[in-house]
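Starting from the given sequences, assemble the full structure and let the hints guide the process.
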Amino acid sequence: MMPRMARIEFTPQLRRFVDTPVVDTAAATLRAGLDAAFATNPRLRGYILDDQGHLRPNVVVFVDGRRARDLRGLSDPLGPGSRVHVLQALSGG
Numbered sequence: 001m002m003p004r005m006a007r008i009e010f011t012p013q014l015r016r017f018v019d020t021p022v023v024d025t026a027a028a029t030l031r032a033g034l035d036a037a038f039a040t041n042p043r044l045r046g047y048i049l050d051d052q053g054h055l056r057p058n059v060v061v062f063v064d065g066r067r068a069r070d071l072r073g074l075s076d077p078l079g080p081g082s083r084v085h086v087l088q089a090l091s092g093g
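Mapping to my numbering: the sequence shown position 40 is 40, numbers consecutive.
Since the hints were made in silico from the structure, they are not lab data. All values derive from a computational prediction rather than experimental measurement. Please note that a few of the clues may not be correct.
[Stated by the list, open to error] Ranges between beta-carbon positions, derived for each pair:
no., residue 1, residue 2, range
1, Arg72, Ala39, 19 to 29 angstroms
2, Asp70, Thr11, 33 to 43 angstroms
3, Gly81, Asp51, 28 to 38 angstroms
4, Arg4, Asp51, 18 to 28 angstroms
5, Ala32, Arg67, 13 to 23 angstroms
6, Asn58, Pro21, 15 to 25 angstroms
7, Thr40, Phe62, 15 to 25 angstroms
Virtual Cβ for every residue (Gly too), placed ideally from N, Cα, C.
Structure below.
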């Protein structure tokens with residue numbers, strides 16, 4: 001039996017701009033999980049992180065249904081079976 005892994009998914013809004021893979025990873029933190037996704041598609045990094053490596057203001061991340069707390073260090077823990085959803089916030093009026 002394969003060990004359960006954290007799954008990282010990106011919303012369809014991002015797919016308009018860049019390939020957004022679904023990534024299963026054994027990463028223990030959000031940062032490591034996102035790095036696994038960026039290894040699959042390096043262009044994705046620029047849509048999610050700013051030039052300091054912090055979450056962009058228009059991006060929201062949920063880990064197991066709760067909004068990620070550490071928007072700079074991305075140290076929120078991931079466990080086996082965690083579900084991460086990366087959303088691009090909508091703006092405009």
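Status of each hint after checking the structure:
For the hinted restraint 19 to 29 angstroms between arginine 72 and alanine 39, the CB-CB distance of approximately 21 angstroms keeps it satisfied. Aspartate 70 and threonine 11 have their C-beta atoms about 21 angstroms apart, which leaves the hinted 33 to 43 angstroms range violated. Our hint of 28 to 38 angstroms for glycine 81 and aspartate 51 holds, since their Cβ atoms are close to 33 angstroms apart. For the pair arginine 4 and aspartate 51, the beta carbons lie near 34 angstroms from each other, so the given range of 18 to 28 angstroms is not met.
Checked against the hint of 13 to 23 angstroms, the pair alanine 32 and arginine 67 passes, with Cβ atoms roughly 19 angstroms apart. Between asparagine 58 and proline 21 the beta carbon distance is about 20 angstroms. The supplied range of 15 to 25 angstroms therefore holds. For threonine 40 and phenylalanine 62, the hinted distance range of 15 to 25 angstroms is satisfied, since their beta carbons lie about 20 angstroms from each other.
Violated hints for the displayed structure, listed by number in ascending order: 2, 4.
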